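Undergrad: Below are the chains, spelled out letter by letter.
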Amino acid sequence: DTGVSQNPRHKITKRGQNVTFRCDPISEHNRLYWYRQTLGQGPEFLTYFQNEAQLEKSRLLSDRFSAERPKGSFSTLEIQRTEQGDSAMYLCASSPNTGLWYEQYFGPGTRLTVT
Amino acid sequence: AQTVTQSQPEMSVQEAETVTLSCTYDTSESDYYLFWYKQPPSRQMILVIRQEAYKQQNATENRFSVNFQKAAKSFSLKISDSQLGDAAMYFCASTNSGGSNYKLTFGKGTLLTVNP
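Respectively, the protein sequence lines represent chains X and Z.
Add 71 to the 1-based position in the first sequence for the working numbering, that's all there is to it.
Add 1 to the 1-based position in the second sequence for the working numbering, that's all there is to it.
Heads up, none of these hints are tricks.
Distance condition first, Cα-Cα at most 20 Å in a straight line; then the derived EDC-like pairs of lysine to aspartate or glutamate:
| no. | chain 1 | residue 1 | chain 2 | residue 2 |
| --- | --- | --- | --- | --- |
| 1 | Z | Lys109 | Z | Glu11 |
| 2 | X | Lys128 | X | Glu115 |
| 3 | Z | Lys74 | Z | Glu53 |
| 4 | Z | Lys56 | X | Glu174 |
| 5 | Z | Lys109 | X | Asp157 |
| 6 | X | Lys82 | X | Asp157 |
| 7 | Z | Lys109 | X | Glu115 |
| 8 | X | Lys85 | X | Asp134 |
For each label pair, taking beta carbons as the anchor points, the in silico distance ranges come out as:
| no. | chain 1 | residue 1 | chain 2 | residue 2 | range |
| --- | --- | --- | --- | --- | --- |
| 9 | Z | Leu48 | X | Leu126 | 18 to 24 Å |
| 10 | X | Ser98 | Z | Thr19 | 37 to 43 Å |
| 11 | X | Thr73 | Z | Asp82 | 30 to 36 Å |
| 12 | Z | Glu30 | X | Gln121 | 18 to 24 Å |
| 13 | Z | Thr114 | X | Ser133 | 32 to 38 Å |
| 14 | Z | Asp27 | X | Leu131 | 17 to 23 Å |
| 15 | X | Glu99 | Z | Glu62 | 23 to 29 Å |
| 16 | Z | Leu112 | X | Ser98 | 32 to 38 Å |
| 17 | Z | Phe65 | X | Thr91 | 33 to 39 Å |
| 18 | X | Thr91 | Z | Gly86 | 31 to 37 Å |
Source of the hints: derived by calculation from the structure; they are not laboratory data.
In this text, all values refer to a predicted model and were calculated from it rather than measured experimentally.
Here a beta-carbon is modelled for each residue, glycine too, at the ideal position from N, C-alpha and C.
Make the full structure from the sequences, and use the hints.
TA: Shown next as structure tokens:
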């Protein structure tokens with residue numbers, strides 16, 4: 072069990088470019104969450120997967136954002152036509168389907184800076 | 002919808018002393034879970050302690066304990082014998098127990114400084 076991993080850890084991009092982040096959850100964790108954390112704030116929920124199905128998306132997730140979890144393993148979060156307001160830490164978390172299913176384990180995050 | 006409020010943006014404590022971080026929440030759910038997460042500088046979020054709302058007994062994990070007041074919707078974290086490694090941002094969070102999406106609602110956090 073190596074924990075939740077996220078890549079890249081840091082991303083600097085110019086406004087208008089597309090970026091993609093990857094999250095590898097703890098193996099056999101069925102639930103996967105994406106959150107966004109801006110400076111001085113707590114994380115805010117973006118979207119949730121159970122296995123490969125995306126079951127809920129926050130209103131924070133505009134049309135420029137898309138997330139996938141093919142085969143119910145890793146997940147990607149893509150932001151198209153980035154804006155300066157997208158600058159934030161993007162956190163991924165996973166939790167098991169049984170037992171302590173309400174406990175989420177977080178990855179180190181991807182810090183996005185849009186210039 | 003759930004809301005979580007942390008009214009202390011910053012707190013400080015002397016090493017080996019005790020500190021209490023405050024949290025209040027609001028929910029329409031009858032069953033829910035409450036958590037304290039720790040986020041050290043430039044490091045990932047770690048679960049410190051959890052409390053099931055249906056349990057009356059306050060949760061304890063080594064030097065960390067909570068004071069859960071369900072009627073008052075209060076959930077404070079007590080750190081005893083504070084250590085330098087406890088310095089971090091602490092987030093209070095909640096989730097409901099219904100459905101399958103246990104998304105967390107976080108407060109804004111309390112930055113804890115531990116003075117040697």
